[in-house]
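2 protein chains.
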Amino acid sequence: MSDTTVDYHPMWTELGLDLVAHDMLLTAIPQMYADAYLSQQDRPAGMAYFDFVLSEIHGLRIKELQDHKAAGGTVIGTFCLYVPEEIIRALGGLSVGLCAGAEWAYDQVEQVLPRNTCALIKSAMGFKMGKVCPYVESADLVVGETTCDGKKKAYELFGELAPVYVMELPQMKRAADLELWRGELDRFVAKLEEVTGRRLTFEALQQATKEVNDKRRALQRLNAARVASPAPISGKDALLAVQVAFYDDVPRFTQMVNKIADELEARIAAGQGVAPADAPRVLITGSPMSIPNWKVHDLVEKAGGVVVSEELCTGARYYEQLVAEDATTLEDLLDDIAEKYLDINCACFTPNPGRIEDVLRLAREHKADGILHYALQFCAPYQIEATTVERAARDAGLPLLRVDTDYSMEDVGQLATRIEAFLEMLEA
Amino acid sequence: MSDTTVDYHPMWTELGLDLVAHDMLLTAIPQMYADAYLSQQDRPAGMAYFDFVLSEIHGLRIKELQDHKAAGGTVIGTFCLYVPEEIIRALGGLSVGLCAGAEWAYDQVEQVLPRNTCALIKSAMGFKMGKVCPYVESADLVVGETTCDGKKKAYELFGELAPVYVMELPQMKRAADLELWRGELDRFVAKLEEVTGRRLTFEALQQATKEVNDKRRALQRLNAARVASPAPISGKDALLAVQVAFYDDVPRFTQMVNKIADELEARIAAGQGVAPADAPRVLITGSPMSIPNWKVHDLVEKAGGVVVSEELCTGARYYEQLVAEDATTLEDLLDDIAEKYLDINCACFTPNPGRIEDVLRLAREHKADGILHYALQFCAPYQIEATTVERAARDAGLPLLRVDTDYSMEDVGQLATRIEAFLEMLEA
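Going down the list, the protein sequences come from chains A and B.
Okay, so the first sequence: first residue is 2 according to the working numbering, each after it adds one.
Okay, so the second sequence: first residue is 2 according to the working numbering, each after it adds one.
Please note: incorrect hints may appear among the correct ones.
Same chains, same label: a pair holds when it works inside one copy or across any pair of copies.
[What the hints assert, rightly or not] Within a straight-line C-alpha distance of at most 20 Å, the following computed SDA-like cross-link-like pairs (lysine to any residue) qualify:
no.	residue 1	residue 2
1	K174	L186
2	K260	A49
3	K192	P352
4	K368	Q42
5	K341	V251
6	K64	S409
7	K70	L26
8	K192	M173
9	K211	D333
For the record, the hints were derived by calculation from the structure and aren't laboratory data.
Bound conformation, chain A alone (with noise of 0.2 Å):
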């Protein structure tokens, strides 16, 4: 897939990458995804997008960023979806994720983190420590968040290998913690500007909530179209979608996912789908799930299910909830922003109920046959909160099946049969 004419190994070097492990991963990646992905049936043809930007994700994109740098721009490391977008977008700044998703350079993670830290924390510190992460190496700040113990202790050691700032989200969702974190907002927003160089306007904060917006609209057609059954689009290459919205360039993202959710909406007319109507349909809840964790989705799919929503970061917490768009003034546009943003049900709160009633409401719109419940090993806030999810489950009479698992694949073997039975189960 990838375009060979280019050599991006100067810029890789430039950043300061390893370039020996980096060519590993980079072998490594597109294998994975040529076996969940491209081996699926009936894939929307939007999808070839999303198969670009996976061959492109380390090279031109990559690109991109730096010559958003050279043009004057920053880039702005998130690790979480509670770092609002709008404002680094309207500062100059271009968001991207950063890299997670695969056990690497553990050896050395485990020399300062506990092996009993969850894999997606172990993951980004070891692309770090790996130097196989050209987003991290191109980010002029990496803005943390207090969202789990893990986390936010490990941002502390992160910081000693990158420029890190952490915003505190706070635990509960009272007029309090509201304010707290409006607060929060106005020293992000200062933060920024001594990045950055520049003055955040009105204007600029107006139009960037709008582009971002926009995003989240795309990603909302996109996923009102898994309502319909046969489902016209796999969960694997939603997912795709999400995590690729992390990274991508906002009003192209915007477009190619419109464009997606065109094409699902004439397959929905048509009655076309990628699986039978049949199929058993399952709704994924828990832990978020970084490019290349495919893993549950792959087992749940190859294994004749259907994904037909998320309630995850990489999911329904990412689009669910848009920024009013009706503020007049930089301080009513902070304050919806501040809204938005501690609106999303996070296992991070206490207590939760949001997250409940959003699990049940999704199953519902999506008839989902069953939940299942997916969390990282060492994950507290979602392994603990799983119980609460499944009792919800059970009073609705939905089937929930628990994975609890990590980024190795020593335990697909043993997924895969629970999986298969559990779909079993729901076909019965």
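Given the structure of chain A, go ahead and fit chain B onto it with the hints provided.
Frame of chain A, contents of chain B only:
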């Protein structure tokens, strides 16, 4: 040790304890206590008080709590030193720690909490689910806090079994955080006023502040004596004093600890100690230790070392900070309480340089030859911060041993070997 003339079974029945299981527990703990404590040589005579307290910890003290309730008072269960005892006391409440510190009813616990939850949380949940903790059964309210992911999310499930109120401790120590925390105190006062049916007055809070400060001052005196060589008291005994501080009657405890401090000061004047002057001196830092978790202290001291200070919640973090006593209004006094508590250096804060300073200062003051970093498995804040502590210790020329463990006795042999080797290194 127990006063066998009193049969507390009717009281325990009244509290709803599982009498059979509870009798088993009351057989096990005195054995552990005898092995760890009564086997010691040259203990201060004043420790007889603690022998008595331990023998009556589910008896006489619980009877006192019931009498207090019968007289119109309340009992407030807490689980963390961030919950301000002054406020509870000023509203006629007795603050008691909840049971933890031993593996109990894990089979039930692991049906609601993931296996990879730290022992402290599993244990507290197990004592509740197994109905063997008369403190939690006596509590009119259990007050939790958001100090770690595990507790934060486990309180949601604990709240199904007991009345729980959660205070939000912020995750940083900036002005905005102090503001949130100060607001939490107001909300806590309102909640306790509702539960106790009383109204908080300046006079009562001033009085309670003085009493709780006196308790801390007594512990400061006791622990200041541990600067001496030879050590006049074992680390185990000093740890026990702080563990009991969470449960005991405040003025009585203060008086008894001051009596021990008198004795220690006389010992120092006479050059007497509990360990040879050349015994390796160890500072222990890390996760909290609840009764009957004496495992690591016991291993260090049975191997010939002496623990000279604890940078723990059941240690210096508990008694080092005092609330200012010069406020003249209720609001000012609450400000002072907010400041004092936010000054404690728990690993839940990011960044947390104060803890590193405390560790190095305590090691210096108490002439420690080495540091033992103790973390509960799956206690991410302390396990991750251990890396920072380890580096600071190395830079200060202090050997550091990392121990990550739980409440089981399975690793005792291996730990003993590691600790013996560490002490030998300190002696060399």
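Open item on the list: Within, between, both or neither: how does the pair K211, D333 come out at a Cα-Cα threshold of 20 Å?
Closed with: So K211 and D333 pass the 20 Å test inside one copy only (15 Å; across, 46 Å).
TODO: Up to 20 Å between alpha-carbons, please classify K368 paired with Q42: within, between, both or neither.
DONE: Cα proximity of K368 and Q42: none, with 22 Å in one copy and 70 Å across.
Open item on the list: For K64 and S409, with the copy left unspecified, which applies at a CA distance of at most 20 Å: within, between, both, or neither?
Closed with: neither (31 Å within a copy, 54 Å between copies)
- [ ] State whether the alpha carbon distance between K174 and L186 is at most 20 Å within one copy, between copies, both, or neither.
- [x] both (16 Å within a copy, 17 Å between copies)
- [ ] With 20 Å as the alpha-carbon cut-off, assign the pair K341 and V251 to within, between, both or neither.
- [x] This pair counts as within: shortest intra-copy Cα distance 19 Å, inter-copy 47 Å.
Task: Same-copy or cross-copy closeness of K192 to M173 [CA-CA at most 20 Å] - done: between (24 Å within a copy, 17 Å between copies)
- [ ] Tell me, please, which holds for K70 and L26 at an alpha-carbon limit of 20 Å: within, between, both or neither?
- [x] This pair counts as neither: shortest intra-copy Cα distance 25 Å, inter-copy 65 Å.
Task: Status of A49 relative to K260 across identical chains (alpha carbons, at most 20 Å) - done: within (11 Å within a copy, 79 Å between copies)
Open item on the list: At most 20 Å between alpha carbons: which applies to K192 and P352, within, between, both or neither?
Closed with: This pair counts as between: shortest inter-copy Cα distance 17 Å, intra-copy 31 Å.
The structure is inconsistent with the numbered hints 4, 6, 7, although it conforms to all the rest.
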